[in-house]
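A.B. asks: This is what each chain is made of:
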Amino acid sequence: MDGPSPVPAGPTDAGRALHLALAVGVAAYGWWAVGLAPFSAQATAAVVLAGAAAMAVGSRQRQSRRSPDDVDASGMAPWAGLAALAGAWQLAAYLQHPRADHPTASSLANELLDSHPARTAGFLVWIAAAWWLSRR
Amino acid sequence: MSRSVTLLGYAVLVVSAAGLEVAARRRGSATFVDALTIVLRSRAPRLVLLAAWLWLGWHLFVRVDWQ
Numbered sequence: 001m002d003g004p005s006p007v008p009a010g011p012t013d014a015g016r017a018l019h020l021a022l023a024v025g026v027a028a029y030g031w032w033a034v035g036l037a038p039f040s041a042q043a044t045a046a047v048v049l050a051g052a053a054a055m056a057v058g059s060r061q062r063q064s065r066r067s068p069d070d071v072d073a074s075g076m077a078p079w080a081g082l083a084a085l086a087g088a089w090q091l092a093a094y095l096q097h098p099r100a101d102h103p104t105a106s107s108l109a110n111e112l113l114d115s116h117p118a119r120t121a122g123f124l125v126w127i128a129a130a131w132w133l134s135r136r
Numbered sequence: 001m002s003r004s005v006t007l008l009g010y011a012v013l014v015v016s017a018a019g020l021e022v023a024a025r026r027r028g029s030a031t032f033v034d035a036l037t038i039v040l041r042s043r044a045p046r047l048v049l050l051a052a053w054l055w056l057g058w059h060l061f062v063r064v065d066w067q
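Chains A and B, in that order, give the protein sequences.
Counted the way the working numbering counts, the first sequence spans residues 1 to 136.
Counted the way the working numbering counts, the second sequence spans residues 1 to 67.
Honestly, the hints are just simulated from the structure, not real lab data.
Remember, predicted model here, so these are calculated numbers, not experimental data.
Hints may be right or wrong, so weigh each one.
[To be verified] Examples of chain B residues lying across from chain A (beta carbon under 7 Å, computed):
no. : residue
1   : 2
2   : 3
3   : 13
4   : 24
5   : 35
6   : 37
7   : 50
8   : 54
9   : 57
10  : 65
[What the hints assert, rightly or not] Not close to chain B: a few residues of chain A, all C-beta gaps over 10 Å, as computed:
no. : residue
11  : 12
12  : 13
13  : 19
14  : 25
15  : 28
Beta carbons: idealized from backbone N, C-alpha and C, even for Gly.
With the rest of the complex left out, here is chain B (with noise of 0.2 Å):
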């Protein structure tokens, strides 16, 4: 029950962003990709994301044992 509830979640987050993308395509205001640009043109938060991204990485492919 719980982790239904945590996936659907998940899958409201996930339509939710494509509906802001549909109507922000219509409206001409700004897509994903331009509030993504806006916020790299920064730089503190740049680096923040691009820090954040390497952090990502690490934590999915080094902190996971799989095999």
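In isolation and in its complexed conformation, chain A is listed as follows (with noise of 0.2 Å):
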């Protein structure tokens, strides 16, 4: 007589406005972040703290951890190769002046986030990457 009882939508919905609370609320902390006086003691621990808590929380949802031997590892040397040749043309960049001419790829970056719109944005992707990072 009953038929299959229909999905509840009211989790769906607090689920999302779970989500949508926190993606307005870390935003806002962003913008407040980028913001503090830079080199300040406040402003690293703001900018810390804030990649450190994305960690915690990446971890924490980490999937169920495999051994490196369940991973195909073939084809990892020419990334290996790929990253020692991008650290060292970093380096070549860093040790040479003037920066104006021999840009590192921070220096390239600050170029990019030079508003505070730009820096927030940036801010984000940073936290959002950190999590991503620590769930793998």
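With the hints as a guide, dock the two chains, each given alone in a separate frame, to form the complex.
C.D. replies: Okay, here's the thing in structure tokens:
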């Protein structure tokens, strides 16, 4: 007589609202954090603690640990080689001056992140990547 | 001139990474995410990489007077 019970919409809506509130809260935090005085202890705490918190959440959500042997490691060598090349290129740029002629990755990033909205977006990407990396 | 050469180097690295990713997907070998996952499953490299990521955030968002 009774058909299949409908999927309750309440928890889904509540979950969406929670995610939205979380996203707005993190964005507001990012806006505030990148506006703090540079080189200050307050800015250091705001950035490092946010990154550490994102990593803590990601680590808790980490998928079941598999041994490294469970992942096909073939083809790792080219990535290692490319990482070494990137490191060497970055080091070569860092050791030469002036910086305008030999930009490092971070000096290029700073050219891109030269406004409050851009820095906030960069900060949010960094936070999301911290969470994503720690879930691996 | 030097700036152009430096930027060209970064561009070559990005294009090479994209080429490696495409080749890895075609061959079924380790993609960028696979390689990262393998590295992150060992304790010491995981700690080093996550610490380096924290340092990068501090370097980009604290150590720059952009205003």
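A.B. asks: Next step is simple, just say for each hint if it's right about the structure.
C.D. replies: Verification of the hints:
1. 2: 4 Å, holds
2. 3: 5 Å, holds
3. 13: Nearest chain A Cβ about 5 Å off; hint holds.
4. 24: 5 Å, holds
5. 35: Hint on residue 35 (chain B): holds, closest Cβ of chain A at ~4 Å, below 7 Å.
6. 37: 5 Å, holds
7. 50: Constraint on residue 50 (chain B) satisfied, holds at 6 Å.
8. 54: Since the shortest Cβ distance to chain A is 5 Å, the answer is holds.
9. 57: 5 Å, holds
10. 65: 5 Å, holds
11. 12: 29 Å, holds
12. 13: At about 32 Å from chain B, residue 13 (chain A) clears the 10 Å cut-off, so the statement holds.
13. 19: About 23 Å separates residue 19 (chain A) from the closest Cβ of chain B, which puts it past 10 Å; holds.
14. 25: Fine: 18 Å to the nearest Cβ keeps residue 25 (chain A) off the interface.
15. 28: Nearest chain B Cβ is 16 Å from residue 28 (chain A), so the label holds.
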